[in-house]
Amino acid sequence: MNSLRQCRPLLGTYVEIHLAADEDDDCLLDRSLAAFEEISRIQRLMSFHDPESELSRINASAHLAEIPVSPDMRRVLSFAMALAEASGGAFDPTIAPALVRRGVLPDHGSCPENPADWRSIHLGDESVRFDQALRLDLGGIAKGYAVDLALAVIGDDVEATVNAGGDLAMTHWRGRDVEIRTPASDGRATLSVPMENRALATSAAYYLESEHVILHPGNLKPLERKDSASVFASSCMAADALTKVVLLLPDPAPVLRRFDAQGLVIDLEGTIVRL
Amino acid sequence: MQRRSLLKTILLAAGGFCVTSGQVFAKTYLSVEQAQKSLCKGASLRPVPVKLTKEQMKSIQAACKVRVRNSDMKTWKTGDGGWFIVDQIIGKHEFIDIAVALSPSGKVKGIEVLEYRESYGHEVANPKWLAQFIGRGPGKRLEIDKDIRNISGATLSSVHITEGINRLTETWAQVLRSA
Numbered sequence: 000m001n002s003l004r005q006c007r008p009l010l011g012t013y014v015e016i017h018l019a020a021d022e023d024d025d026c027l028l029d030r031s032l033a034a035f036e037e038i039s040r041i042q043r044l045m046s047f048h049d050p051e052s053e054l055s056r057i058n059a060s061a062h063l064a065e066i067p068v069s070p071d072m073r074r075v076l077s078f079a080m081a082l083a084e085a086s087g088g089a090f091d092p093t094i095a096p097a098l099v100r101r102g103v104l105p106d107h108g109s110c111p112e113n114p115a116d117w118r119s120i121h122l123g124d125e126s127v128r129f130d131q132a133l134r135l136d137l138g139g140i141a142k143g144y145a146v147d148l149a150l151a152v153i154g155d156d157v158e159a160t161v162n163a164g165g166d167l168a169m170t171h172w173r174g175r176d177v178e179i180r181t182p183a184s185d186g187r188a189t190l191s192v193p194m195e196n197r198a199l200a201t202s203a204a205y206y207l208e209s210e211h212v213i214l215h216p217g218n219l220k221p222l223e224r225k226d227s228a229s230v231f232a233s234s235c236m237a238a239d240a241l242t243k244v245v246l247l248l249p250d251p252a253p254v255l256r257r258f259d260a261q262g263l264v265i266d267l268e269g270t271i272v273r274l
Numbered sequence: 000m001q002r003r004s005l006l007k008t009i010l011l012a013a014g015g016f017c018v019t020s021g022q023v024f025a026k027t028y029l030s031v032e033q034a035q036k037s038l039c040k041g042a043s044l045r046p047v048p049v050k051l052t053k054e055q056m057k058s059i060q061a062a063c064k065v066r067v068r069n070s071d072m073k074t075w076k077t078g079d080g081g082w083f084i085v086d087q088i089i090g091k092h093e094f095i096d097i098a099v100a101l102s103p104s105g106k107v108k109g110i111e112v113l114e115y116r117e118s119y120g121h122e123v124a125n126p127k128w129l130a131q132f133i134g135r136g137p138g139k140r141l142e143i144d145k146d147i148r149n150i151s152g153a154t155l156s157s158v159h160i161t162e163g164i165n166r167l168t169e170t171w172a173q174v175l176r177s178a
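Sequence lines, in order, name chains P and F. Residue 274 is where the first sequence ends in numbering that gives the first Met the number 0, and the numbering goes up by one at each step. Residue 178 is where the second sequence ends in numbering that gives the first Met the number 0, and the numbering goes up by one at each step.
Keep in mind that the hints were calculated from the coordinates and are not lab data. Among the hints, a few may not be true.
[To be verified] One-sided and incomplete, this derived list gives chain F residues near chain P with beta-carbon spacing under 8 angstroms:
1. Tyr-28
2. Val-31
3. Gln-35
4. Lys-36
5. Glu-111
6. Tyr-115
7. Ser-157
[What the hints assert, rightly or not] Think about it this way: if two alpha-carbon atoms lie no more than 20 angstroms apart in a straight line, the pair counts; the simulated EDC-like pairs of lysine to aspartate or glutamate are:
8. F:Lys-40 with P:Asp-24
9. F:Lys-106 with P:Glu-51
10. F:Lys-36 with P:Asp-23
11. F:Lys-36 with P:Asp-24
12. F:Lys-40 with P:Glu-36
13. F:Lys-36 with P:Glu-36
14. F:Lys-36 with P:Glu-22
15. F:Lys-106 with F:Asp-79
16. F:Lys-36 with P:Asp-29
17. F:Lys-108 with F:Asp-79
18. F:Lys-64 with F:Glu-169
19. F:Lys-53 with F:Asp-79
20. F:Lys-108 with P:Glu-36
21. F:Lys-108 with F:Asp-96
22. F:Lys-57 with F:Glu-162
23. F:Lys-40 with P:Asp-29
24. F:Lys-40 with F:Glu-162
25. F:Lys-108 with F:Glu-169
26. F:Lys-40 with P:Asp-25
27. F:Lys-36 with P:Asp-25
28. F:Lys-50 with F:Asp-86
29. F:Lys-108 with P:Glu-51
30. F:Lys-108 with P:Asp-49
31. F:Lys-108 with P:Asp-29
Built from N, CA and C at the ideal position, the CB exists for glycine as well.
Please put together the full structure from these sequences, using the hints given.
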C-alpha cells in the first residue's frame, strides 16, 4: 500500500491530509490536491478575516436586504442555528462583535454595538436576512465543515485522514486509535483513545495562543476552564461546534445525544471524563 | 514511496537552535520533487541558487522585521519567470521546512509544509511528570515514543508562517526580481 502525507497552512492552522491506497504517488497527490482545493474554496466563502468572502458580504448587508446564499453557506448556517437553538444559545454564531471589540477578529467597518443573537437570523432556501445589524462568525464550525468536504472529495475507496489543526475526520475510523493533546504540559503530550466515530474535534480555552478566545455568550466574558473538550460525531462540522457546547454548558449530555455525538473532557491531571 | 512520521530526539544545539532541551517530533510531508509538482504543475524548473550578501540580508530584515538567518537560498526559476523556494521557518515551539511558489510578479501562488518539527517541553523527560499518566487503565496511555499519526487538540495557529512568507516576498522584491 502506498501512502502520501501533505500539509498546507489553511483556515488559520496547518491542514494535514494522509492518504493510503494501492495507487501511485501521482494519483494520491491528485486526490490530495483536490481535497485542498475544496478547503481553500470553503475558506474563500466563510472567512471572517477576508472582506471579500461570502460571509463578509452577508455581514455587511443582510440587515438591509435579503442576501442570496450559496448551498455551502446555507448548510453551515442552518446547522449553526439548529445548534444554537438546541443549546439555548451556548453556541451562538452572532458573538463576533464582542470578539471584534477585543481585537480577536478584524473590524471591516461599522461593527454593530447593539447585542443580537441567533434568533435575529432568518434563513430561507436560497437567501438570508437579519432583523438587525449583526456579525456572523463561523469560526467554531466552518473548519469542521471544510474537513468533511475534503474527505468527501477524496472518496471512501482510499484510506484517508484530514486533520485541520485538531479537527479531524477519517474514512476507515473503526478500530483506529487517535491521540488527544492533554491540557498538561502546554498540550504537548497526548493521550491515546479509540476513535468512536468518523470525526473528532477538540477545543480548550487555556492553551490557545493569545489571539484566540472563547467567549461565553451569556456574559461575553472569556471562558476560563483549565480542561479540554473533545467530541466524536459523524461529521466534523458537528464535532467542531459541539466542543464549544461542552465547554460552555453545565450539562451538555442531552445536546450531545441529540446530535448523536460522544463527548469527553480531559483535565490537567490527564483524567478522562466521559459525558 | 512510503512516508512516515518519526519521533526522534534531536540534539538541538547541533541543529543550530537553542530553544529548550527535550524531545522533538518531526512529521515529514511532500518531498521537494512532489512539492514542485504540486505548486508548479507542468512548469519547467531549473535550479538558480541565490546567495544573499550581508547587505541584502540586513536590508531585507529591516524591511520585513523578520530575521534573515540563511544567506544560501534553495531556489528554482520557472520558465515564465516565477520562483520555487525551499526555506525554513522558526516559530515559537516549532521548526518548519516549507516550499513556496511565487508568480513572475512576486505573488504567493502556494505554500507546502515539507517538514514540521515540534519540541516537547523538558517536562516530558521528567519521570514524575510522566508517572501521572501511567496505569490509568485501558485505552489511555501517553504517547511520546511512537509514530504520532493523528492528533486532536486545541487549534495550532499558523501565524508564524506569515512572517516567513513576508520575508520571502521581501527577498523577491529586493533580490530575486532581478536575479
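Against the structure, the hints come out as follows:
| no. | hint | result |
| --- | --- | --- |
| 1 | Tyr-28 | holds, 5 angstroms |
| 2 | Val-31 | violated, 13 angstroms |
| 3 | Gln-35 | violated, 11 angstroms |
| 4 | Lys-36 | holds, 6 angstroms |
| 5 | Glu-111 | holds, 6 angstroms |
| 6 | Tyr-115 | holds, 7 angstroms |
| 7 | Ser-157 | holds, 4 angstroms |
| 8 | F:Lys-40 with P:Asp-24 | holds, 14 angstroms |
| 9 | F:Lys-106 with P:Glu-51 | holds, 18 angstroms |
| 10 | F:Lys-36 with P:Asp-23 | holds, 14 angstroms |
| 11 | F:Lys-36 with P:Asp-24 | holds, 11 angstroms |
| 12 | F:Lys-40 with P:Glu-36 | holds, 14 angstroms |
| 13 | F:Lys-36 with P:Glu-36 | holds, 15 angstroms |
| 14 | F:Lys-36 with P:Glu-22 | holds, 17 angstroms |
| 15 | F:Lys-106 with F:Asp-79 | holds, 13 angstroms |
| 16 | F:Lys-36 with P:Asp-29 | holds, 10 angstroms |
| 17 | F:Lys-108 with F:Asp-79 | holds, 13 angstroms |
| 18 | F:Lys-64 with F:Glu-169 | holds, 10 angstroms |
| 19 | F:Lys-53 with F:Asp-79 | violated, 29 angstroms |
| 20 | F:Lys-108 with P:Glu-36 | holds, 13 angstroms |
| 21 | F:Lys-108 with F:Asp-96 | holds, 17 angstroms |
| 22 | F:Lys-57 with F:Glu-162 | holds, 16 angstroms |
| 23 | F:Lys-40 with P:Asp-29 | holds, 11 angstroms |
| 24 | F:Lys-40 with F:Glu-162 | violated, 26 angstroms |
| 25 | F:Lys-108 with F:Glu-169 | holds, 15 angstroms |
| 26 | F:Lys-40 with P:Asp-25 | holds, 11 angstroms |
| 27 | F:Lys-36 with P:Asp-25 | holds, 9 angstroms |
| 28 | F:Lys-50 with F:Asp-86 | holds, 13 angstroms |
| 29 | F:Lys-108 with P:Glu-51 | holds, 19 angstroms |
| 30 | F:Lys-108 with P:Asp-49 | holds, 17 angstroms |
| 31 | F:Lys-108 with P:Asp-29 | holds, 17 angstroms |
Consistency note: the structure conflicts with the earlier hints numbered 2, 3, 19 and 24.
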